[in-house]
Amino acid sequence: GENVEQHPSTLSVQEGDSAVIKCTYSDSASNYFPWYKQELGKRPQLIIDIRSNVGEKKDQRIAVTLNKTAKHFSLHITETQPEDSAVYFCAASISHTDKLIFGTGTRLQVFP
Amino acid sequence: NAGVTQTPKFQVLKTGQSMTLQCAQDMNHNSMYWYRQDPGMGLRLIYYSASEGTTDKGEVPNGYNVSRLNKREFSLRLESAAPSQTSVYFCASTPGRADSEAFFGQGTRLTVV
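Protein chains in written order, with this note's numbering: chain A, 4 to 115; chain B, -2 to 110.
Derived from the structure by calculation, the hints contain no laboratory data.
Remember, predicted model here, so these are calculated numbers, not experimental data.
There could be a bad hint or two in this list.
[As the list claims (entries may be wrong)] Residues from chain B that keep clear of chain A, each with C-beta distances beyond 12 Å, as calculated:
| id | residue |
| --- | --- |
| 1 | Gln19 |
| 2 | Glu56 |
| 3 | Val85 |
[What the hints assert, rightly or not] One-sided and incomplete, this derived list gives chain A residues near chain B with beta-carbon spacing under 7 Å:
| id | residue |
| --- | --- |
| 4 | Ala32 |
| 5 | Glu42 |
| 6 | Lys71 |
| 7 | Ser96 |
| 8 | Lys102 |
| 9 | Phe105 |
| 10 | Thr107 |
| 11 | Gly108 |
| 12 | Arg110 |
| 13 | Val113 |
| 14 | Phe114 |
| 15 | Pro115 |
[Said to hold, decoys possible] Stretch by stretch, here's where chain A covers chain B in the computed footprint (C-beta under 8 Å, at least three residues):
| id | stretch |
| --- | --- |
| 16 | 4 to 16 |
| 17 | 35 to 45 |
We put the CB at the ideal spot given by N, CA and C, even for glycine.
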């Protein structure tokens, strides 16, 4: 079945440094790749997404890149701040549906 | 708009008890979902509903049943709770397009003892 692998499971960075989280997916027909941020005790919320006809998308300090040939996509956070500390989930659409397969999450800690 | 609302927020059950988790959305979304979140496992789809009256199994449906009562409401029932069902449960909804944002409820923390 469809699968999304996410690495690393934990990531610690100093404030101001960059953070990169990587995901690979198995379904070559996937065409939608969102990223969700979940703060402690809160619900997941969409922070950025990318569609298969685009290779890169940026929104202020966050960016996502997609390599369809290799079936992987990455989240890049620059100039990290303590409020970026959270669990981040990648996801990929299941072909011909509006269902998502989620990665296992990355716990990002940004130290002041 | 309240978005997606789940009740209850917390629940403790004894093994073998039953309960229903309620979910309602006020965004006129077509699709609704139930996920469970376990440490190191991410969000796993339990059941899915593309429209009123239709439901479909997800990755981990065993031990659960669902009802799409109307367009707004999607409930998840545990008929005979087991300790393995201890988890945080999230309801979500989307408009129904393949590339649309999922909006999540605030979650239900369920403990089965």
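Here's how the hints hold up against the structure:
With a minimum CB-CB distance of about 16 Å to chain A, Gln19(B) clears the 12 Å threshold, and the non-interface call stands. Residue-level check failed: Glu56(B) sits 8 Å from the nearest beta carbon of chain A, not beyond 12 Å. With a minimum CB-CB distance of about 10 Å to chain A, Val85(B) fails to clear the 12 Å threshold, and the non-interface call is violated. Hint status for Ala32(A): violated, given a least beta-carbon distance of 10 Å to chain B, over 7 Å.
Residue-level restraint check for Glu42(A) is violated (minimum Cβ-Cβ distance to chain B is 12 Å; threshold 7 Å). Taking 7 Å as the C-beta cut-off, the interface hint given for Lys71(A) is violated, the closest approach to chain B being about 15 Å. For Ser96(A), the interface hint holds, the least distance from its beta-carbon to any beta-carbon of chain B being 6 Å, beneath 7 Å. Evaluation of the Lys102(A) hint against chain B yields a held restraint, the C-beta minimum of about 6 Å falling below 7 Å.
The closest approach between the C-beta of Phe105(A) and any C-beta of chain B is roughly 4 Å, which is under the 7 Å cut-off, so the hint is satisfied. The interface hint given for Thr107(A) is met, as the beta carbon of that residue sits about 4 Å from the closest beta carbon of chain B, less than 7 Å. A least Cβ separation of about 5 Å between Gly108(A) and chain B falls short of the 7 Å threshold, and the interface hint therefore holds. Because the closest C-beta pair between Arg110(A) and chain B is about 10 Å apart, greater than 7 Å, the hint is violated.
For Val113(A), the interface hint is violated, the least distance from its beta-carbon to any beta-carbon of chain B being 21 Å, above 7 Å. For Phe114(A), the interface hint is violated, since its Cβ never comes within 7 Å of a Cβ in chain B; the closest pair sits about 22 Å apart. A cut of 7 Å between beta carbons decides the hint on Pro115(A): the least distance to chain B is about 26 Å, and the hint is violated. Only residues whose C-beta sits within less than 8 Å of a C-beta in chain A count toward coverage, and the stretch 4 to 16 of chain B has 0 of them, not enough to reach three; the restraint is violated.
Counting residues of the stretch 35 to 45 of chain B whose C-beta lies closer than 8 Å to any C-beta of chain A gives 7; at least three are required, and the coverage claim holds.
The structure shown violates the earlier hints numbered 2, 3, 4, 5, 6, 12, 13, 14, 15 and 16.
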